[in-house]
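Okay, so the sequence shown: first residue is 72 according to the numbering used here, each after it adds one.
Read the hints as simulated data drawn from the structure, not as lab findings.
Take the hints with a grain of salt, since some may be wrong.
What the hints assert, rightly or not - In silico lysine-lysine, DSS-like type, Cα no more than 27 angstroms apart, as pairs:
| hint | residue 1 | residue 2 |
| --- | --- | --- |
| 1 | Lys270 | Lys148 |
| 2 | Lys208 | Lys98 |
| 3 | Lys248 | Lys208 |
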Amino acid sequence: TTVLIIVFSQYLRRVAVPFPTYSREKKLHTTRIYVFQILPVLLGITVSWLVCYILTVCEVLPSNPDTYGHLARTDLKGDVVGQAPWVTFPYPGQWGLPTVSLAGVFGILAGVISSMIESVGDYHACARLSGAPPPPKHAINRGIGIEGLGCLLAGACGTGNGTTSYSENIGALGITKVGSRMVIVASGVLMVVMGVFGKICAIFTTIPTPVVGGMFMVMFGVICAAGISNLQYTDMNSSRNIFIFGFSMFSGLVIPNWIIKNPNVIATGAVEFDQVVQVLLTTSMFIGGFFGFILDNTIPGSKVERGIVAWNRTHQGDSSATLDSGEVYDLPFGISSFLQAYSCTGYVPFCPPRTPSLLDTDHVEVKPLPADPGSA
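The whole structure should be built from the sequences, with the hints applied where relevant.
Here it is in structure tokens:
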């Protein structure tokens with residue numbers, strides 16, 4: 072899967088494939104489409120999935136769970152497609168009434184905080200890869216709020232997982248170069264429709280784990296490079312910055328791995344506190360960000376060395392005041408203009424700030440013209 076995605080997205084991305092097309096003017100003709108650049112991930116997964124299915128049907132892959140290659144079989148979940156219903160409608164409470172415990176609340180709260188930190192980084196990485204201006208404060212607040220609403224609906228329906236920004240999707244954006252919001256909206260509608268048809272969902276569960284792992288290698292590689300590219304604003308020739316970056320990065324990789332292998336190390340006697348600490352210490356983003364934040368703000372260094380000057384020069388002020396930012400992050404159907412007409416909405420975190428109009432004379436200071444000395 073990894074090899075196919077790399078070949079499609081990097082080596083064959085400029086190869087146009089002819090497709091038959093019909094129009095009133097040209098009738099039946101061929102149009103060249105850069106299908107390898109648009110669909111490298113989907114093509115890579117489909118081809119690998121098909122190969123695994125053929126090898127499974129031909130009994131080439133071993134059926135012994137302890138043998139190498141067994142995880143590549145497509146029948147590990149049994150007859151999941153046959154057992155799945157054709158149509159199913161999820162509704163709140165279908166798995167019973169939700170249970171609430173203090174330990175569960177604090178444990179999930181720690182995970183939500185870590186997820187919020189990741190989402191903010193995903194927003195900036197998405198804007199960077201798509202060529203959009205940096206997200207303003209109200210857009211970030213709106214995104215976090217919608218994720219919280221999605222988690223609320225997911226918990227009510229008993230899906231077993233929350234709703235958050237996934238770094239894999241940012242990696243897919245960087246590979247496919249497709250950053251259109253209409254594509255995301257169409258994908259969301261498609262997933263809602265597919266969620267109703269149980270047979271279709273069951274088919275996707277037959278994708279082997281190695282195929283998904285190969286896709287993740289490419290996706291997480293892109294998102295990691297996009298995050299590291301933000302260090303271009305800092306002076307990476309400085310030993311101070313090299314130490315902070317290296318120590319934070321390595322701590323984010325080592326400490327969570329050690330905590331996972333030694334889960335009984337954290338045992339203070341308070342179950343709720345132990346769960347919160349364990350969730351935070353097993354989150355690589357939290358560990359790396361925490362050490363990076365502490366060290367960068369305590370170790371002496373100039374603003375130029377830390378990259379603050381270059382960052383402020385690039386992101387001058389709040390990006391919500393620019394025209395491009397308004398076109399990208401404003402609410403649809405003129406909702407942003409409607410909200411900006413009321414001054415009270417400026418105090419709502421997810422509403423765009425009010426920008427004074429040129430015709431608004433309440434904030435214009437009128438000065439008298441100086442007297443002409445020759446007219447006396």
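Evaluated hints:
1. Lys270 / Lys148: holds, 14 angstroms
2. Lys208 / Lys98: violated, 50 angstroms
3. Lys248 / Lys208: holds, 25 angstroms
Violated hint for the displayed structure: number 2, the only one.
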